[in-house]
Every structure is written in C-alpha cells, then in structure tokens.
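With the hints as a guide, bring both chains together as one complex.
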Amino acid sequence: MKDNWGRFMFFATLLIIQIVLSKYANVGPYIYLCCLPLIVIYLPLYQETFLSMLIAFGCGLAVDVLCDGIVGLNAAASVALAAVRKPLFAAFFTRDNLERAVIPTIHETGVMRHINYIFISLLIYFIVYICLDSVGMESLQTTLLRLVLSCAANLVLVLAIDYFMFNSRR
Amino acid sequence: MTGRPALVRIAINIVVFIALEVLCLVMIANNSVVQRYKILGAIREAQSALWHRTSEIGSYFSLKKDNRLLVQENVDLQRQLNMYKAMSAKPDTAFVHPAGLYSYMAADIVKSTRGKQHNYMLIDKGTRAGVSEGMGVVTANGIVGIIDAVSDNYSYVISFLNTEQSVSARLTKSDHFGLLRWEGVNPHKATLTEISLNCGAAVGDTVATSGHSSIFPADIPIGVISKIKPVSGLYLSLEIDLFQDFNSLRHVYIVANKDRKEIDELELEEGEGR
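The listed protein sequences derive, respectively, from chains A and B. With the numbering used here as the guide, the letters of the first sequence map in order to residues 19 to 188. With the numbering used here as the guide, the letters of the second sequence map in order to residues 27 to 300.
Because the hints were derived from the structure by calculation, they are not lab data. These numbers were taken from a predicted model, which means no experiment stands behind them. All C-beta atoms, glycine included, are put in the ideal place defined by N, C-alpha and C. Some clues are possibly wrong.
Derived DEER-like restraints, expressed as beta-carbon distance ranges [unchecked claim]:
| hint | chain 1 | residue 1 | chain 2 | residue 2 | range |
| --- | --- | --- | --- | --- | --- |
| 1 | B | I40 | A | Q159 | 32 to 38 Å |
| 2 | B | I40 | A | F137 | 24 to 30 Å |
| 3 | B | S81 | A | C149 | 49 to 55 Å |
| 4 | B | I40 | A | D86 | 29 to 35 Å |
| 5 | B | R94 | A | I145 | 50 to 56 Å |
| 6 | B | H277 | A | L162 | 56 to 62 Å |
| 7 | A | P47 | B | S74 | 31 to 37 Å |
| 8 | B | A32 | A | I145 | 23 to 29 Å |
| 9 | A | I145 | B | S74 | 51 to 57 Å |
| 10 | A | K104 | B | L76 | 29 to 35 Å |
| 11 | B | R94 | A | K104 | 27 to 33 Å |
Bound conformation, chain B alone (with noise of 0.2 Å):
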C-alpha cells in the first residue's frame, strides 16, 4: 500500500470517503424524517442548479439557431406590417397588393469596409436567392445601401457611407424632404441638405426615408436631428444623428420593390419619349 504513488493514494482516499459519506446520508435520510426531508431538498435544489446550467449551456449553444429563427420571423412581420400599411393608405382602392408593395428577405454581412470614403459590403444572398442590383438594403435602424452587383451566392453593397451616395429623407413632422448624405467624417452623422427655411424642424425630430424612390419603402426611421444650419438664406441643412450603428452591424434586409420592373420600364419609355 505505502508503495503506491501519491497521487493513487489520494484518489482511493477521495473515493473512499465520498462513497461511505454518501452511504452515510442514505442511512439518515432513510433513519429520520426531518433528515430525509432535508436531504432530499438538498439534492432537489442541486439537482434544479445543474439542470438550469445545462439547459443554459444548450441555449448557448443554440442561439444561431434562434437568431436565424427571429430574423426569419422579423421579416414575416415586416412583410404583414407592409400589407397593412397599404390596406390603410389605400381603403377605397379595389385593389391592394397582397403583401405590400415592397417584400424582404434576411441577409448576414460577410465582408465590410467602415473607415474609407467609399465604403461597401458583401452579403451572403445573391441572384439564386432572388437578389438584383438596385434593392435596397435595410435594417429596423435605418438605411444601410443599395446592392450595386450581384453574384449567384453574394452581393456587392454600397454602403450609405459613401460620399457619393444620396437617399431621399423627410422630416416625419412635417412631411418636408430632401437628400441625406453621409459627409465622409464620422460614420454616426449624415447631413439632410434642400429643406426649406419654413420647414419647423426642431433638434430632436425625427428623419425617415420619404418613400419619394423605387428602392427604400417610406417611413424607415434613419436618425434625429442634431444640428440646424441655413444655407445661402434658402434652404436649411440639417445634422442627423444616425439610429445605425454601422460598427455592430451583422444582419440586413435586402428589400425589393415589387413593381419596380414596372416603374423603370415606365421611366424608359418616359425618357425615350423626350
């Protein structure tokens, strides 16, 4: 026995004791009612730990899963809010669109650039998902580009943070609208330029897409105003604080309108004409 190692020695002794210990309890809780009572709550209570801990292991391990789940039910929301928005902005219209005029679809971003003037990224549906160039790409902050290429699994996005991007933005107070552009400084600002000076805008009002574009549907809340400056005595230029954060950005909605075919078809015929 003394010519054991050390380490053997301890780990017989380590059984030893908890097996008669355990034997032990038994023989109390089976010997006296308040004991086995009490024991019993004992193992109960951590027997509920360990079960609570490896259910929040699981959970841990399955929030991809549930992530894609709540993306997925994010998009079907999106879709029903859109049918209701059309159903009330049209209710003495025979017709309405049966799923709105604008469908989603969710996307991860694979690839993005934050710190140049040109930014742009890549997301992982393309044209066998559906995806064409021209859609918007959206998030339930605002506006994050429109999709400039498409491959048959990926898609090219210029970012709104992009110096030579412009997207139409109302004042939601006021219906007022004009072009917000990023400035190429700080990813969190963007200005709202040609809003004129009788406009009431306030710091603190909220911008949203106007809708006035075949790409973004109206009312996406982009950001607040934060800044009020007057421009050559005609026009107002505002500040916006922007609502996306483009730093913790990870999953988008490609959003397509479905007329647009029809709409650019239109425009064509229209240009052709003059």
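For reference, chain A alone in the conformation it holds in the complex (with noise of 0.2 Å):
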C-alpha cells in the first residue's frame, strides 16, 4: 500500500515537473523537453503492456490538456513508447535483470546500459511526436536537428531526475 502511495507521488511528481517543463521551460524551436517518457520508462514492468498503453495515453493526454498543446500529440507518442517498452527492456538486458527490476533505474540495470536503453526510447517517443507535429511541413534536415537536440537535451534531463530522485530514496 505504501509502496503503491511512493509509486504514485513518484509518477505525479513527474507529471507536475513535465506541466512545468511545458509552461515555463522555453528553450527554442529545436528543444522540447519532456519528462513524460520517463514515466513511461518508469512504469513497473510485471505491468501488462495493454494497462501500461492506458496509463501512458491518460499522462499524455493529461499533459496535452494542460499545458495548452496540440491535443494527443505526447498522447500518441506516450503509447508508441510504451508499446515497444517491454521488447526493448528485454533486448537491452538479460532475463535477470526483466525478474529483478520492478522499476528499471539505473542502479538496477547498470549505467551505459540504462544510457542506452533510455535513450532508444527517447527516439522513439520523439520520431512519433516529432513527426505528428512536423507532419512533413519540416525539412528532413530541420526534422532531424530536432530529433536529435530534443533526444540529447532529454538523455541529460531523464538521467539527472533518475540519479537525485532514485539516489536520495536510497
């Protein structure tokens, strides 16, 4: 029950972090920073995939609407992400590692690993945003400044909320 109680402050935490990241945290046309990813990340994986898609559509949504945005658009790529979630823990890690992590931090599958397996599902978070938001209005060049910048900018900001969150609860 109180760990159920942690699990929720945790995710609405982020959600209020993302909602203030949106409103406030303008850092150009080729950044957007984002912590929803994380919360999908973040989800325990004994979770079943169709539930962690519901959950994901809901934050997305739930970020959309209050931060004044293109409706569904961090909805669509929320559930993209956690759609490939559990496929991409199990490609990135071993089996062990799938049973033990309830929550995938980074104390508990290692660190490059984690980089990496973090920063795959950003690119694929921000491939299906990006592209629902461009919608091919962009360049390919301008399209993929944005994908990568926004990918970087939120590797750092998804490893730093990881490290001072899950490193002070320790």
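Below, the structure is given as structure tokens:
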C-alpha cells in the first residue's frame, strides 16, 4: 500500500515537472524538454502492456490538455513508447534484470546499458512526437536536428531526474 | 491476465495500441488545422490506393468478359471493313453486298496439335452456330486453317501447319500469286512457289491471301519474304516468315463466303458439262 502510494507520488511529481517544463521552459524551436517518457519507462515491468499503454495515454492526454498543446500529440508518442517498452527492455537487459527490475532504474540495470536503453526509448518517443508535430511541413534536416537535440537534452534531463530521485530514495 | 495465452495477449495489445493511436490521431486532427489537413490527406491517399487496387483486382476478374467483348467488336469491325472494301472495289456497280462477301464469327481453340506433319485443331463452334465444312479460319495475323468436319458444337480444322494444305497467296507489291505451303519443319516459316521470275520480289516484301478461292478473303497479311530461291530457271521459290504464331493461338475467326453455295453449284455444273 505504502509502495503504491510512493509510486503514485513519484509519477504525480513527474507529471507536475512536465507541466512546468512545458509552460515555462522554452528552450527554442529545436529542443522540446519532456519528462513524460520517463513516466512510461518507469512504469513497473510486471504491468501488462495494454495497461501500460492506457496509463501512458492518460498521462500524455493530461499533459496535452494542461499545457495547451495539440491534444493527442504527447498521448500518441507515450502510447507508442509504452507499446515497445517491454521488448526494448528485453533487448537491452538480461532475463535476470527483467525479473528483478520492478522499475528499471540506473542502479538496477547498470550505467551504460541504462543510458542506451533510455536513449532508444527517447528516440522512439520523439520520432512519433516530431513526425506528428511537423507532419511533413519541415525539411528533413530540421526534423533530424530537432530529433537529435531533443533526444540529447532529454537524455541529460532523464538521467538527472533518475539520479537525484532514486539516489535520494536510497 | 498472466494466465492468458501469449497469442491472446499480443492480440489484445495490438488492438489497444491501434485503438489508442487512432483516438490520438482523431484528437490531433480535431485540434490543429495543419495536422487535420495532412492526416486527412494521408487517409485520402491511402483510400485512393486501396480503391485503385480493388478496381485492379476487379478488372483482372472481368478480363475474360472484356476479352469476349473485344473479340465481338473485332468481328463487327471486320464486317464493316469488308463492306467498305466491297463498296470501294465496285464503285460503278448498282448492287453492293450489304455486309461484304464474307462474314466472320469468333471462336476459341479447344485443342490443337503443332508438332506433327498433319496438324489439326478443334474449335468451339459447330453447326448450331452456322459453321459448315470448307469455311476458312483466320486471325488478324494470317490464315489458320480450313474446317474439315463439323459437329453440333465443335469443328475440326485442318491447320495450315499441314503438309497437304496449300493456300493461294500473292505478293502485295506486284500482285503475282502462287501457292503457299508449310514445309513441315519450322512452324514460323512457309514456302510460296510458282512465282514467276520477273515478279520483282525482294526480301521483306509482304505476302497476303490472293482471294482466288471462295475460302479466304483477299488481302489478309500472311508474312514477309525472308529468302528468294530460283527453281529450275523458270520460277521462284520464296521462303516466308509467317506473322501467325501458332504456339500462342487461342482466339480465331471463322470466315464464311456468303456466295459460296452459288460458286460451288456453278463449279459443279461446269464440271458435269465437261
């Protein structure tokens, strides 16, 4: 019960950080700071995929509505990430990791593998997000630049949140 | 949930994923003009591609019907062509045969042989369709054979690829005519004999039916000269490359001379008189 409450608080905090980032952290047209992928990545691994997709959809929709963005954009990207989350984890980590890691934190899985895993997850998220956002209106170079810069910036953000939150909890 | 078979779980995941993504796309399209324009454009493009494919499949299945219509159209055009030919050939005659001297009927080959010295074919039209013995069988690429026997629904055709069959043919350039015969070796070649030395034939000249029989109408192109060979200093023997490919033959036209009965009776009377 206590564990569930803690998890809820963790996700609520991430959601609030996301809303604050979307409303106030405008870092230019090429970088979209976003900790929503972290919410999806940190959903417990024992969770059924369809349930993860529903939770990701709900969180994405909440961000879209509360941040005055295009409704459905973050939701679509979150659902896509939730759909591939488990196969992606299985590709990067061993079965032992999969069984032990209820939440795949950097402490549970190892630094380099964790960074790779987070980066690919962010890449999937931002491919869907940027493609739906630009819908072919931007040039390929601009789209790729947005993709690379957003992935790099968010990787730093995600690792920072990951380190501070779970390190402090330890 | 974990007790469900893997296949069911995958199916549920796919259905939920598609449903949620479609829902997202609908929301995006409803909330942004640019996205709506692009998403609807993509949907319409996919729709058009699907319709195009569907219509292509539909066309494929109606090919047989289309083919029949085309064959019928060919027959009608051939009739019209004959009528115009007859009219232009006899401009000063008071009477012109209303539909030309020859009538055409489309038929399909049911069975045929090609590798023998005496080849034949079976076509799917018989006495019920008005076919009788002695009618010619042609295509737009040349002569095919002559009907030898007829049943109610089928006819037996002696193929041109028969060493005992010969057809009267002429050089279109000079109007010299001779007998065209298959030599029994190459189904793409025939020999035109009894052509006089001064005919002026050259390799590449076209050979067509002469019209000197009541079986085949004149001017059906048969082939081109590929080799010229003098025979005993009096005549030429011309090797002809046939236009007709007997290996790919499926549809033919039965050609009937409308005055044939009259011609036959006259020939018979003349024969008896002598």
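Where does the structure disagree with the numbered hints, that is, which hint numbers, in rising order? Of the numbered hints, 3, 9, 11 do not hold.
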